[in-house]
Amino acid sequence: MITAICFYIFATILIGSGIMVVFSKNPVHSVLFLILAFFNAAGLFVLLGAEFVAMILVIVYVGAVAVMFLFVVMMLDINFTELRKGVQDYLPIGLLIGIILMVEMVVIVGGWSMTDGIAVTINSATPKVLEVTNTDAIGRILYTDNIFLFQLAGLILLVAMIGAIVLTHRKRSGVKKQDIGKQVRRRRHEAYEAVDVKPGQGI
Amino acid sequence: MGKYLDVFMNWLFGYQMSDGVILAVGTIANVLVVALPVLLAVAMIVWVDRKVWAAIQLRKGPNVVGPFGLMQSFADGLKVFLKETIIPAGANKFLFLLAPGLSLIFGLVGWAVIPFGEGMVISDLNVGILYLFAVSSLAVYGIIIAGWASNSRYAFLGAMRSAAQMVSYEVSIGLVLVTVLLCVGSLNLTDVVMAQRGISLGLFNGYFFTGLMPMFFIFFISALAETNRTPFDLPEAEEEIVAGFQIEYSSMSMALFYLGEYANIILMCGMMSILFFGGWLPIVDWKPLYAIPGVIWLFGKMFFFFFCFAWIKASVPRYRYDQLMRLGWKVFLPVSLIWVVLTSSYLVFFGKFSA
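Residue numbers (my numbering), protein chains in the order written: chain X, 24 to 226; chain C, 882 to 1236.
Bound-form chain C, shown alone (with noise of 0.2 Å):
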């Protein structure tokens, strides 16, 4: 990117850009090129969603503002900046403000590792996958300060529930990426795309269509929980403690946690994506289909993940909380634990480690 900067200043300006110039620049129109449209994604997935969930409940949904009701994620956007924002009394002013752009942070930095194709990345790391790990698990702390810094006993309630909840899930999420990576032998995400194609049968790409089946499904349950998503939306759990840690916040501080969650969300949908169903590959190894860009071929993966996300959303009832532990602690932690333990006795067995 940076490159062909250079190449346009210098034909516009005669201005010859030193490398460190270069890599700056190139870097900040990256991140531009990839946040800009994660935060137009996350106005247009809220659109999705609230469609979805209104067509399951035989509603119409937003159909008032542009063609669709396309626009009713910006409608609502101008609404909250034109509100005022609300500091309560007893608040801890500067942590009450920091925390929903915290929030909004910790949602767009994961996607510096998400490689959109071959090639297609802001920074190739080699430890992608325990990036994302680290970034999913900082979630969080916008939770938790808003809730304590907002002095109220809702939002403390909220914040406590968000933290022993994130905690718990967070470890069946470790042991399924460590599944993954065992079979990948790397944790570059570029690698784990790679090594996905074919790998069922020569035929499907994904480790989705392998052995590693149910640890996708225990990465969805615990990606929605991690993203504080019905089942699992006891944070917030409006019949209960009425908006939990969000309680004290207005305008666009509230706007921030919306577009954080969703940012978050989305980035969840695009691990599913990467990890078990073959990134930007097609999902079948057919030579016609690789025809089509991979960037579409994610996008969709992602799309679908968002779906199911709404559709459970619209669906199923909220877990109680000691049943939401037990699910994490006593299920997944033993399931995940044990699908490691057979993951690499069998790639030792056979001798598939690819080191």
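In isolation and in its complexed conformation, chain X is listed as follows (with noise of 0.2 Å):
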């Protein structure tokens, strides 16, 4: 009873936040319904006993992305209705995709109650929720059974961020920047040097 209430609670805020998110005139109001949208997303795994996915949903999500994404937003002063104006022109591409997805989601979905194959593949991937915990479930798939695949994901997801940074990166001259190693290295007879000044005269 208490976990059907939870759900819904949940799933209506989830999904009051998500139109929030596409239709709320000012930008910054926009990530902070999706960081509401992000914690009832983790509710919602909690009630599924989904605790690690939840927890590291959390972390990744609203700990460090939507972070990033309020620093972008507030810092840069984006002008929304200039950006609406091309509305209409994107509205047919946008629904297409969206129709796309909802095909392929619908696709999936009947595939798993009408194929015993998918459904027995399902089934053999999640352990029994008592038996190990499911951090340890996950770790299991992850790095056991599919470690190729994980290792060329995150090979790609390397090579992305270096590809990112070279990209990105140039050098300025002019800026002045603290060397620790040069300042260190400095000896005393490079920084002063003791003059005797004569009475009267001066350097």
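Keep in mind that the hints were calculated from the coordinates and are not lab data.
Note that the Cβ used here is the ideal one computed from N, Cα and C, for glycine as well.
You can trust all of the hints, since none of them are fake.
Simulated coverage check for chain C against chain X, where a stretch passes if three residues somewhere in it have a Cβ under 8 Å from a Cβ of chain X:
| id | region |
| --- | --- |
| 1 | 1001-1013 |
| 2 | 1021-1035 |
| 3 | 1042-1055 |
List time: in silico SDA-like cross-link candidates among lysine to any residue, alpha-carbon distance up to 25 Å:
| id | chain 1 | residue 1 | chain 2 | residue 2 |
| --- | --- | --- | --- | --- |
| 4 | X | K205 | C | L1205 |
| 5 | X | K199 | C | D1203 |
| 6 | X | K205 | C | Q1204 |
| 7 | C | K1233 | X | T158 |
| 8 | X | K199 | C | L1205 |
| 9 | X | K48 | C | I968 |
| 10 | C | K1233 | X | I161 |
| 11 | X | K199 | C | R1199 |
| 12 | X | K48 | C | F975 |
| 13 | X | K199 | C | M1206 |
| 14 | X | K205 | C | Y1202 |
| 15 | X | K199 | C | K1211 |
If you follow the hints, you should be able to join the two separate chains into one complex; please do so.
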């Protein structure tokens, strides 16, 4: 009973805040609604008994990614009325993509209930909740069963990261930067010199 | 807790509660049993902070209200409570008032998984460490939202600094937590404490006395940065950006920030005691010491770390911003990453992985 009530509360707020992400006038409000949506998604995961995924969702998305979103959105003063001018032009493409995603989802969920083979695979991947914790289960799937795919994904991300750094990094001249090694290496005789000044003559 | 209440209610009114009601009432009672002392502890720890700070500067500190000035925090609380809450004209009213509340809430919810003794915990989560990590990384939202909603340049600068700082130091905190949980083999905080019993030569309780010692120092310094304490108090740096994100706040809304900040600091002290100093276990694994209740050991350790926090606040100058970023990304991140690799290789090589 309580689970059902919680599910409906989480789900309603999730969908509501998802809609508000798209429709709110202020971009910062959009991001804040996005964060609310993440929280409620985490709540749904907890209800499913997937507490590890819920916590990772909060840590990665709410704790890091959304902070960066907020950071950027607050810094850039985006004029949303300007951005919204093209809505009519992009609407057909957006709708098309939406429909394709919808159809794909229906196919996946339909395949779930219709084919026996898929159901067997799905059930084999999830051990009984009481036997192993879901941290353990996810660890086994990721790092033991599918280790090569996991490494491959990691490698792709690494390449993407290096690519992003190479593309955006630029050396600017004339910027004063602290070089701690240089500061430490400096000796006394380089820093100052003692001059014996005669009275009335100056240097 | 709920069970005793049920017995009590039955005795008093002849009223039998259903299981759901027992669970709900019991949980609420548990939460109050932890949250109220935490708030009281915040009030007292502010006094301790000011006293330590004063002693280091050869002053007396608060000594007027109550014996030894003990009631000073309550007097301050009453004062801010009676002041007017000013909302700036250009501020986003809802978010402006939401931010201090968020900061207090995120300071308090972390206490749900802190074990005060064996079985003395509100919620013995399987993923306790992750929960704490998640909660501690959320504390930044109170500050960012406050800075943005105030519609003030200083406040906004403070918020931006805070966001960048917290995201940077979270990374090293995360890696430190990974080393600890590699050694424990579990994400449950009770398991973390129990795994530390006699860990060092069967003599000391706590990972601090093993090869994880450098990780403790990284965690301690990152905790300073996460809670915006000196030397990393750039988000509120008085001399540079006046009071940073708090600049437009007055009365109770400002006091809520302080409550949240100190609740977070005590939470961090609790995390340090649990992860590295054996939580409620005595420091030395010696039978007679177990006669002292575990709660007292835990509080003693937390108090010691808080003393260190206050000590640092009184004696260390503030970091420059680029130095702060350098320390986080170029020193702590590589060192903690290397330590993760070393720890896991050690555990694999000697077959000490506890699955």
